[in-house]
Amino acid sequence: MYRYIANRVLLVIPTLIGAAVLVFLLMRLIPGDICAIRLGSGGSMADPRAIARCHAELGLDRSMLAQFIDFAWGFFRLDFGVSMWSGKPVAEEIAARLPISLEIAMMATVVAIFIAIPLGTISALKQNSWLDHAVRIAAIAGISTPSFWLGIMSILAVLELSQMLFGAPWMPPIDYVPFWQDPLRNLSIAFLPALTVGYRYAAVSMRMTRSAMLEVLREDYIRTARAKGLIEKIVINRHALKNALLPVVTLIGIEFAFLISGLVVTEQVFNINGVGRLFVLAVQNQDYTLTQALVMLTVVTFVFVNLAVDLLYGWLDPRIRFG
Amino acid sequence: MIAKRPLSAAALAGALCLAPAAVRADETPKHGGTLTYMIPADAPPTLDGHRETTFATLHAAAPFYSVLIRVNPDNPSSTTDFVCDLCTEMPAPTDGGKTYTFKIRQGVKFHDGTPLTAADVAENWQYIVHPPDGVASARESYFVMVDKVEAPDATTVVFHLKYPTSAFLPGLADPFAWIYKKEILEKDPRWFEKNVMGSGPFKFAGYEIGQSIKGVRNPDYYRAGQPYLDGFTAIFAAKQAVRVDAIRADRAALEFRGIPPAARDEITRDMGDKIAVQTSDWNCVNLVTPNHKKKPFDDVRVRRALTLAIDAWHGAPALAKIANVHTVGGIVFPGSPLAATKDELQTLAGFWPDIGKSREEAKRLLKEAGAEGLSFELMNRNVDQPYKFIAIWLIDEWTKVGLKVTQRVLPTGPFFDGLRHGTFDVTVDFNCQSVVNPLMDIAKFLPHTVYPENYGGYEDQKEIDLYDQLLHETDAAKQREMIRAFEKYVLDTQAHMFMTPWWNRIIPMRSYVKGWKISPSHYLNQDLANVWLDK
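Top to bottom, those sequences are chains A and B.
Using this note's numbering, you'd call the opening residue of the first sequence number 1 and step up by one each time.
Using this note's numbering, you'd call the opening residue of the second sequence number 1 and step up by one each time.
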């Protein structure tokens with residue numbers, strides 16, 4: 001198994017090289033200039049001397065090859081450079097935002113797991129019953145409802161309900177505090193976005209769980225287990241669920257990896273200072289170094305989450321061996 | 001707000017729409033409390049006002065700094081009322097208008113306790129006007145008239161101009177011209193990008209990257225009794241819905257940029273007397289710039305036709321209900337004494353009172369130029385307020401003279417790229433300034449060789465000559481005449497660019513916020529020294 005892990009880790013390298021080249025080229029293909037945006041987007045005159053100075057400071061007056069070598073060499077040394085927009089180290093920019101994105105991703109995953117797996121299982125067991133229909137309707141609603149709309153509606157609902165019940169509108173705080181500083185305030189900030197994202201996440205996982213369970217429940221070994229006289233609880237939990245979870249685990253893994261840097265709209269709606277929002281800002285401002293670093297982070301996250309999922313397969317299904 | 005004749009500053013202030021809960025003259029400011037406000041942007045690139053041009057930097061860091069002179073915070077709507085901040089009195093120019101000598105206040109301290117002297121002021125201004133190699137100054141070009149700045153002694157700063165001009169003093173009141181500590185500036189000019197050392201009403205108390213910035217009261221502030229607040233917290237929030245909800249729920253008291261009319265209507269309906277709203281004409285306007293390098297926009301008849309087709313007088317009130325625009329005006333900010341009156345405007349193409357006659361003339365010109373039924377693309381920036389509303393309105397107006405126009409909306413980066421490379425037929429453009437300084441503000445209309453941010457792609461020596469004479473004229477009456485001639489030439493005779501209604505600033509605030517008064521620019525009056533909370 002260690003050889004398998006080592007091989008998978010080594011495979012990250014060509015993936016990262018490919019992603020690095022792609023993001024480097026794509027960013028430079030987008031028309032625009034970070035210096036012009038920074039110095040002229042307010043509407044007043046942008047001094048061409050100031051713009052030229054800005055180009056020199058950011059190294060944008062060098063050749064593309066020189067810029068790429070600089071980027072690649074820095075990445076090789078795990079030096080991601082400084083943000084072209086703020087001048088702060090990229091690591092510092094990301095580190096300031098990673099905790100809240102991770103927190104929401106984890107909370108949303110917990111919400112999804114605790115809703116999706118039980119409900120998906122029950123839905124499969126009670127196929128075509130009213131419970132099954134209700135769960136399926138909730139799942140379809142979750143998939144088809146845009147999460148940004150759900151987010152806006154949830155804030156409005158909280159405002160209106162609090163107005164009705166307490167006479168004054170209330171909304172969660174909008175400036176983030178870490179959990180260890182003020183747990184209650186932190187959770188009140190993260191709760192609504194986690195629920196909003198978790199609902200959609202749960203909906204997708206619910207359907208997958210239901211579908212996988214239905215397939216597994218039709219297998220011969222399940223019929224055998226029942227014929228042997230095992231109680232239904234053991235048939236479901238020990239025999240059916242473990243096998244049905246394989247595709248569900250894959251899905252949850254991919255969704256979790258996406259949540260780290262993909263919650264762009266949700267973070268905007270709830271004013272969360274997260275990695276997704278930073279991503280949008282970096283692209284809008286044409287901050288090459290920051291965008292490149294964020295793409296690399298996303299690639300690494302996906303790769304390692306997928307590796308973790310694959311290793312989890314081994315625990316779920318003992319037949320799987322890592323060569 | 002169209003003046004039949006130039007309004008006095010007092011009349012202008014009275015013309016502002018102030019909600020009933022605004023400050024009364026007999027109210028005594030209360031001390032204490034923390035003001036929480038929203039900054040309608042993501043985090044600024046840096047906190048260095050000399051380097052940056054975004055309001056995000058200004059709203060975040062202006063409370064920490066002092067400036068030499070500023071718009072009067074008690075009368076910020078005036079376009080001519082400048083008062084001392086670090087100086088003791090506004091000087092009269094000497095040496096034929098080429099020398100301004102300022103006396104600096106005594107006893108002013110930086111936040112680390114060290115004294116602020118004339119040497120600090122002079123050094124900062126020297127860095128702004130003539131930045132040394134490697135030092136960024138975003139407003140260097142605004143001060144082409146300045147020869148040098150010096151501090152002959154610890155209390156005196158002298159500005160020597162190359163020529164007398166009335167554009168200098170308003171320029172000096174630039175809200176980004178913060179006074180840094182000379183010692184730090186000389187040692188590391190980039191220190192102020194990430195750090196704060198000012199002498200303003202608030203001391204730096206913390207900055208959460210991308211999240212918020214905090215300040216606490218400066219007990220050694222040189223204005224007795226101020227600031228009234230114990231501190232402030234400014235939270236970055238780019239989305240309007242978040243800001244409006246935050247004000248509703250009292251998570252924040254206000255924002256200082258502006259909201260659209262629909263949001264104002266919603267919040268005033270929901271909040272009643274808990275909300276006060278201040279409005280003002282805004283020293284920002286969208287322009288229409290035809291690309292003179294592309295046929296048929298090199299033909300003045302086609303350009304005049306484009307402007308004659310627009311019915312600004314009826315369009316503005318309709319647009320004002322849904323977009324952040326309000327006042328029909330010429331090239332000068334409507335509240336300025338140099339602005340055109342309604343009668344003067346109505347003599348210019350694009351402002352004729354009879355739109356039927358105007359559109360007939362537009363059609364005649366298009367036919368004469370062989371451009372009947374012309375199809376073209378309008379380039380626009382991907383910003384709702386008011387860019388997209390303006391563009392849709394323009395396209396509709398142009399259909400009324402048989403033109404077929406489509407819109408290409410671009411994000412900020414590609415939009416600027418399109419402007420700079422001239423890859424457009426006609427574009428929505430913009431001119432957004434801080435202190436109302438008509439002589440500098442109208443430089444936007446000059447050809448690219450003189451004003452690099454003009455994207456019309458034309459050369460016009462006559463226009464440059466007209467402007468040059470105007471810039472050197474110090475007599476107010478003659479200035480007015482000359483600016484009218486310049487305006488007619490640019491908007492009518494050559495129709496190089498043309499106007500859409502001036503922006504309108506709508507600021508909602510919780511009614512317990514007192515002391516702050518709206519100005520024509522979201523860059524002005526942001527040090528918060530005179531703000532207090534009535535709770």
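Fair warning: there could be bad hints in the mix.
Example chain B residues on the side facing chain A (calculated, C-beta under 8 Å, incomplete) [unchecked claim]:
1. Asp74
2. Ala138
3. Ser141
4. Trp191
5. Glu193
6. Gly206
7. Ile209
8. Gln211
9. Ser212
10. Ala238
11. Val242
12. Asp245
13. Ala246
14. Arg248
15. Pro414
16. Asp460
Not close to chain B: a few residues of chain A, all C-beta gaps over 10 Å, as computed [to be verified]:
17. Asp47
18. Leu102
19. Gly229
To be clear, the hints were calculated from the coordinates, so they are not data collected in a lab.
Quick reminder that beta carbons are idealized off the backbone N, C-alpha and C, glycines included.
Hint check results:
no.: 1; hint: Asp74; result: violated, 26 Å
no.: 2; hint: Ala138; result: holds, 5 Å
no.: 3; hint: Ser141; result: holds, 5 Å
no.: 4; hint: Trp191; result: violated, 11 Å
no.: 5; hint: Glu193; result: holds, 6 Å
no.: 6; hint: Gly206; result: violated, 11 Å
no.: 7; hint: Ile209; result: holds, 4 Å
no.: 8; hint: Gln211; result: holds, 5 Å
no.: 9; hint: Ser212; result: holds, 5 Å
no.: 10; hint: Ala238; result: holds, 7 Å
no.: 11; hint: Val242; result: holds, 5 Å
no.: 12; hint: Asp245; result: holds, 6 Å
no.: 13; hint: Ala246; result: holds, 6 Å
no.: 14; hint: Arg248; result: holds, 5 Å
no.: 15; hint: Pro414; result: holds, 4 Å
no.: 16; hint: Asp460; result: violated, 18 Å
no.: 17; hint: Asp47; result: violated, 5 Å
no.: 18; hint: Leu102; result: holds, 16 Å
no.: 19; hint: Gly229; result: holds, 59 Å
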